[in-house]
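**Student:** Residues per chain are reported as follows:
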Amino acid sequence: MLGWLDHLILVPVLLPLLAGAVLIPINETHHRLKFAINAMSVLGLLVTALVLVQLTDGGHWSEDIGVYLAANWLAPFGIVLLVDRLAAMMLLLAAVIATATLLYSMVRWSRIGVHFHSLFQFLLMGVNGAFLTHDLFNLFVFFEVMLAASYGLLLHGYNVNRIRAGLQYIAVNLVASLVFLIGVALIYAATGTLNMSDLAARVATLGAEDLALLKIGMAVLVIAFLVKGAMWPLGFWLPTAYASASPPVAAMLVLMTKVGVYVIMRVWLLVFSDGGGEATGFGREFLLWGGLATVAFGAVGMLASQEQGRLAGYAAIVSSGTLLAVVGYGQASLITAGLFYLLSSTLAVAAFMLLIELVDRVRSPAAAMLAVTMEAFEFEENPAQPVGKGIPAALAFLGLSFAASTLIIAGLPPLSGFVAKFGLFHALLHPQAGGAVAAPAWTFMALVLVSGLIAIIAMMRFGVRTFWASGAVAPPRLQFMEAAPVTLLLFLCVALTVQAGPIFGFLERTSADLHQRAQYVDRVLSSPAVSAGAGEAER
Amino acid sequence: MNLVIALAIGVLFGSGIWLVLRPRTFQVIIGLLLMSYAVNLFIFIMGRLMVDRPPLTLGDGLPDPTALTDPLPQALVLTAIVIGFATTALYLVMMIGSRGVTGTDHVDGRESEE
Numbered sequence: 001m002l003g004w005l006d007h008l009i010l011v012p013v014l015l016p017l018l019a020g021a022v023l024i025p026i027n028e029t030h031h032r033l034k035f036a037i038n039a040m041s042v043l044g045l046l047v048t049a050l051v052l053v054q055l056t057d058g059g060h061w062s063e064d065i066g067v068y069l070a071a072n073w074l075a076p077f078g079i080v081l082l083v084d085r086l087a088a089m090m091l092l093l094a095a096v097i098a099t100a101t102l103l104y105s106m107v108r109w110s111r112i113g114v115h116f117h118s119l120f121q122f123l124l125m126g127v128n129g130a131f132l133t134h135d136l137f138n139l140f141v142f143f144e145v146m147l148a149a150s151y152g153l154l155l156h157g158y159n160v161n162r163i164r165a166g167l168q169y170i171a172v173n174l175v176a177s178l179v180f181l182i183g184v185a186l187i188y189a190a191t192g193t194l195n196m197s198d199l200a201a202r203v204a205t206l207g208a209e210d211l212a213l214l215k216i217g218m219a220v221l222v223i224a225f226l227v228k229g230a231m232w233p234l235g236f237w238l239p240t241a242y243a244s245a246s247p248p249v250a251a252m253l254v255l256m257t258k259v260g261v262y263v264i265m266r267v268w269l270l271v272f273s274d275g276g277g278e279a280t281g282f283g284r285e286f287l288l289w290g291g292l293a294t295v296a297f298g299a300v301g302m303l304a305s306q307e308q309g310r311l312a313g314y315a316a317i318v319s320s321g322t323l324l325a326v327v328g329y330g331q332a333s334l335i336t337a338g339l340f341y342l343l344s345s346t347l348a349v350a351a352f353m354l355l356i357e358l359v360d361r362v363r364s365p366a367a368a369m370l371a372v373t374m375e376a377f378e379f380e381e382n383p384a385q386p387v388g389k390g391i392p393a394a395l396a397f398l399g400l401s402f403a404a405s406t407l408i409i410a411g412l413p414p415l416s417g418f419v420a421k422f423g424l425f426h427a428l429l430h431p432q433a434g435g436a437v438a439a440p441a442w443t444f445m446a447l448v449l450v451s452g453l454i455a456i457i458a459m460m461r462f463g464v465r466t467f468w469a470s471g472a473v474a475p476p477r478l479q480f481m482e483a484a485p486v487t488l489l490l491f492l493c494v495a496l497t498v499q500a501g502p503i504f505g506f507l508e509r510t511s512a513d514l515h516q517r518a519q520y521v522d523r524v525l526s527s528p529a530v531s532a533g534a535g536e537a538e539r
Numbered sequence: 001m002n003l004v005i006a007l008a009i010g011v012l013f014g015s016g017i018w019l020v021l022r023p024r025t026f027q028v029i030i031g032l033l034l035m036s037y038a039v040n041l042f043i044f045i046m047g048r049l050m051v052d053r054p055p056l057t058l059g060d061g062l063p064d065p066t067a068l069t070d071p072l073p074q075a076l077v078l079t080a081i082v083i084g085f086a087t088t089a090l091y092l093v094m095m096i097g098s099r100g101v102t103g104t105d106h107v108d109g110r111e112s113e114e
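For the protein sequence lines, the chains are A and B, in the order given.
Using the numbering used here, the first residue of the first sequence is number 1, and each one after it goes up by one.
Using the numbering used here, the first residue of the second sequence is number 1, and each one after it goes up by one.
None of these hints come from the bench; they were simulated from the model.
A quick note: this is a predicted structure, and the numbers were derived from the prediction, not measured.
Take every hint as true, because none was put in to throw you off.
Computed footprint of chain A on chain B; a stretch qualifies when at least three of its residues, placed anywhere within it, have a C-beta under 8 Å from a C-beta of chain A: (1) 19-28; (2) 76-87; (3) 94-104.
Where is the CB? At the ideal position from N, CA and C, for every residue including glycine.
With the hints as extra help, turn the sequences into a complete structure.
**Tutor:** Here it is, written out as structure tokens:
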């Protein structure tokens with residue numbers, strides 16, 4: 001029987017859909033109302049995500065996996081939404097970043113174009129849907145929802161740079177979507193199912209021919225995910241797109257990169273983990289070395305970039321490369337540390353994205369003003385300039401936040417980036433099977449260390465140029481609402497550091513879950529439909 | 001028939017890839033369209049090629065599976081067509097916007113130096 005708590009699984013998809021739809025007809029002049037509706041929805045998502053984390057970690061569902069049969073169709077036939085610890089954690093991360101981004105956009109950025117709030121909600125719907133769905137074709141649909149919204153958001157505040165980056169971003173992603181479809185079609189042809197758990201159940205018993213077809217299908221499919229996750233050499237679109245997007249949008253894009261990594265983690269650990277017969281471990285080497293190449297590429301890119309937006313883009317590439325290598329390495333304890341790294345690096349890079357524009361005001365206040373007026377031509381009413389009280393000690397705030405995000409991105413003590421890297425190294429140095437540390441592990445550690453060093457060089461170069469060497473530094477005017485989201489994200493990183501013990505405990509359970517394929521198969525395929533009789537009785 | 005379909009998909013996809021790599025936005029969008037046709041056909045035949053078999057029956061009693069074709073790829077291809085159509089339309093809007101703002105139909109937003 002479905003309790004109301006089970007229906008909560010659907011809320012992260014439905015709520016943004018409804019809020020986004022309600023926001024469309026409201027005129028842009030009522031921006032306070034629009035902001036309020038958006039904020040209500042985002043807060044709702046935050047609460048839902050918190051409750052879902054509680055439920056999945058609190059033994060509410062058997063095996064801690066919540067299954068929702070859409071339209072009451074039984075598992076392999078209908079679409080299944082599934083929430084486990086990983087999905088709930090990602091929902092929470094998405095909601096937190098959305099909250100920060102939304103607060104940040106209130107003062108100015110949401111007003112430089114039309115339909116920011118609706119697109120923001122649809123983007124959240126796509127992201128949440130991709131986290132929750134357990135069906136490959138449905139995943140495609142949510143990816144498209146997410147991408148369509150992101151195309152609109154990338155163009156938000158229409159200027160030449162954004163159009164140029166947008167054209168390339170859209171073309172790359174359209175091709176990636178077509179590749180996605182080919183992969184899905186091949187998988188269906190080979191196995192006759194699109195449900196991830198059903199796929200995991202069938203993979204062990206497939207004949208040699210079908211298995212080859214499935215592997216080809218998976219290989220094609222993963223290209224589409226890797227384009228989103230920006231693995232080298234598929235991630236060239238990313239720095240340009242990030243650098244040209246408006247800051248709140250760029251922060252949301254950081255989240256979108258993680259969707260690609262999340263999906264790879266989910267599908268790979270479910271279908272190709274131990275017990276998959278001949279298919280066990282398929283493609284792991286490729287993910288590992290591809291991820292390491294991505295880290296190297298991102299690090300070189302960071303060193304070479306002259307613009308802060310591009311620097312942040314390459315930081316996102318490094319983080320996603322590390323995560324891909326973690327998935328490819330195929331060790332449960334490493335996944336735990338990798339998930340911690342995911343939380344910490346996503347929060348830090350998002351905070352850095354928001355910070356960039358504030359720091360830019362120090363560099364050249366006049367140019368920043370000009371840029372804002374240029375942004376505004378799409379919309380008849382000029383956006384309100386930051387008026388009212390600025391926060392005191394703005395420069396100190398900027399310097400401190402900059403230093404904090406640098407420390408996290410580079411992985412230096414005492415903040416959460418260090419804890420994450422320490423966790424990674426600890427897992428790499430203690431192989432589960434026992435025995436010596438393998439060569440890939442040494443390469444992995446060397447690359448992570450070098451990329452950390454490069455990150456600190458690149459970011460300190462900006463810090464020195466901006467805060468110390470730029471001549472007359474005028475303390476910029478910062479609104480409280482602009483400073484608060486950055487503080488929130490960085491504060492959460494501090495909280496991650498302080499509460500590292502309990503969080504690692506949660507992540508260990510998450511990673512242990514992910515390696516129990518039988519558990520997923522059992523829960524998904526045997527979850528009963530609500531019988532017609534029970535429905536009648538309820539009425 | 002298998003060969004004809006396979007060749008058709010191959011030709012469509014190949015032409016699509018070539019066009020997508022061209023420098024003009026119009027060529028890119030035509031390339032994307034051709035590729036999406038190829039992909040739609042591809043999904044469609046993944047339910048195997050069958051002649052004279054409907055995907056559904058409306059009669060009473062249990063249907064005979066051997067008299068039916070696989071309905072799922074047909075449902076998938078419908079969804080894929082709709083989504084592909086919408087995103088291509090969106091690209092078209094971008095293309096016109098880019099032409100208007102940059103004054104050129106080059107994908108980089110400026111003519112390459114010869």
